[in-house]
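Add chain F to chain B, keeping to what the hints say.
Protein chains in written order, with my numbering: chain B, 14 to 286; chain F, 19 to 300.
Quick caveat, the hints were computed from the structure, so don't treat them as lab data.
Treat the hints with care, since some could be wrong.
Partial list, computed: chain B residues near chain F (C-beta under 10 Å) [stated by the list, open to error]:
1) Q48
2) K71
3) V279
Glycine included, C-beta positions come from ideal geometry on N, C-alpha and C.
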Amino acid sequence: MDEIRAALALARKDIRNVSRYRFVVASQIFTPLYQGVLPALLFGAAFAVGGRVVGLEKTIGTADLAGFIFLGGAMSGLVATAFWAMAMSFRNEMEAGTLEPTWLTPTSRETLVIGRALGGLFWFLLGQIVIFAIGILFFGLRFRPELFYATPAMLLAVLAMVGIAYLLAALVLVIKEANFFIDTTNFLFATASGVAFPVTLLPGVLQPVAFALPTTYAMDILRQQALGTRPLFDPALEYVALAVGTVVVYPLGLWAYRRADRRIRVRGSLNQY
Amino acid sequence: MNAAYLAGDLRALRAAGRKELRTIRRYPTSFVGMIFWPVMLPAVWVLMGQAYSGGGDPQALQAFADRAGTTGITVFVFVGYAMYMWLSSLLWGPGTALRQEQIRGSLEAVFLTPASRLVPLFGPPLTNVIWVFMNLLVTGIGVWLLFGIVLPLEGALYALGITLVGVPAMYAMGSLFGAGVLRFGEIGPAVQFVRGSLALLCGITFPIVMLPAWAQAAAAVMPPTYIVDGMRSALLKGATFADLAPVAGTLLVLAIAFGVLAVVVFRWLEAGARRSGMLGRY
Chain B
14 MDEIRAALAL ARKDIRNVSR YRFVVASQIF TPLYQGVLPA LLFGAAFAVG
64 GRVVGLEKTI GTADLAGFIF LGGAMSGLVA TAFWAMAMSF RNEMEAGTLE
114 PTWLTPTSRE TLVIGRALGG LFWFLLGQIV IFAIGILFFG LRFRPELFYA
164 TPAMLLAVLA MVGIAYLLAA LVLVIKEANF FIDTTNFLFA TASGVAFPVT
214 LLPGVLQPVA FALPTTYAMD ILRQQALGTR PLFDPALEYV ALAVGTVVVY
264 PLGLWAYRRA DRRIRVRGSL NQY
Chain F
19 MNAAYLAGDL RALRAAGRKE LRTIRRYPTS FVGMIFWPVM LPAVWVLMGQ
69 AYSGGGDPQA LQAFADRAGT TGITVFVFVG YAMYMWLSSL LWGPGTALRQ
119 EQIRGSLEAV FLTPASRLVP LFGPPLTNVI WVFMNLLVTG IGVWLLFGIV
169 LPLEGALYAL GITLVGVPAM YAMGSLFGAG VLRFGEIGPA VQFVRGSLAL
219 LCGITFPIVM LPAWAQAAAA VMPPTYIVDG MRSALLKGAT FADLAPVAGT
269 LLVLAIAFGV LAVVVFRWLE AGARRSGMLG RY
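For reference, chain B alone in the conformation it holds in the complex (with noise of 0.2 Å):
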């Protein structure tokens, strides 16, 4: 129960410290507006034939240029707030030399990620919802009942996440100055996951990394329930690559964060930046 309180009061501090930053909160939540989604609309639109995309019909089964792109949007968001507000946040703290008195409390250092996990999910949702709110005034989003079938993989999306974003904070614990490597991973990690487009577009050699991500298979999921897109394998066996992928995934990323909590112990190098 304490350890929830923790959690929950880490998650406040995070949601609270970046609403004081008003801009900053309008950036988080249009920035992926103006340049992810709508840049790719237009340039899907492009290609447009008598204003259906044909091509994107040809390649995964549906015209639907918004739903495709949105819900490509929505997954990298998670992503991205995996990446940067769950684990990049450490590197934060560094700066901020509020780091070595956070590991001094008697709070479980697990929890510290979780905390962080639930205030960067807080602002995901956030962002999505206005996001979606202005596809579905402005751009014609529209999404068939079956959506909310995709809801269990969505959670075990977000679980397997986490998963990451343990992996993800013992590099920046270790590396410290993790900047670059964070913003490139993030990308890579997003795009090979299928958000911007399917994953078989990929070259050959890339194909097996792009299958080793629970978050494909979660991406292919949605956008079958939501769109009706061709899916790239079974949909059983995609729920069953994807469980078994956070199944792997999370307590891994446990055990590193673990190994790397022991690491700058030992080493004293929690203050070091």
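What follows is chain F alone, placed relative to chain B:
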């Protein structure tokens, strides 16, 4: 007397450029990013293009060609992203240089020197030009290694020429942003907003005919629109010197307009700062 002042300011300008160059050298990891992003970002958009065109469906490609004037999606996107990278390095570098000095507490000290106030405004862009040419080189190599497209030599030289002609206009625009951001305060959101808006307006990833009329009108007064258009014409349509001359002329006019505007805004902010003592505040 005026000539002596001018010579002193030119020396100060060179010193400001040298200082920026030394700062860049101190952070060698930023060079890795200069290779990674100009290649990986457009590569993803090329694959998006393959998804949207159904892997080269003739109807879809023709539709794109009708709007963009070319079916060469790969070069179209890579050229757009070369401009995006230029905008990034311009806005994060010289565009925020004054604000960075303000945050570090050194802006007041710089302003107390006898050098013209325009030196810190136009000094940082001098060295940023290095990134631009490195970026073009990386783009050319990336498009060849990843997609097997060898850029035509004549077209590449014309594209380089357009870039050179566009440098004053781009840096005048960056200086205008740099002066404005002093007043605005928060760098990150300002850079994201301006870069995102310019990327949307200037046809970085899609033909600007896709934009509504009012946005196309706004794009018509932005230097990146002309640079991207000129480079694409040179590389994809075999444009000649005569074809590109109007683009170059427009860029020179825009350089003067943005330069004058940057000086006016900077003078106005400086006068306000003297009255309110805001330079040391952030």
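Against the structure, the hints come out as follows:
1. Q48: Hint on B:Q48: holds, closest Cβ of chain F at ~4 Å, below 10 Å.
2. K71: holds, 3 Å
3. V279: violated, 27 Å
The structure is inconsistent with hint 3 alone, although it conforms to all the rest.
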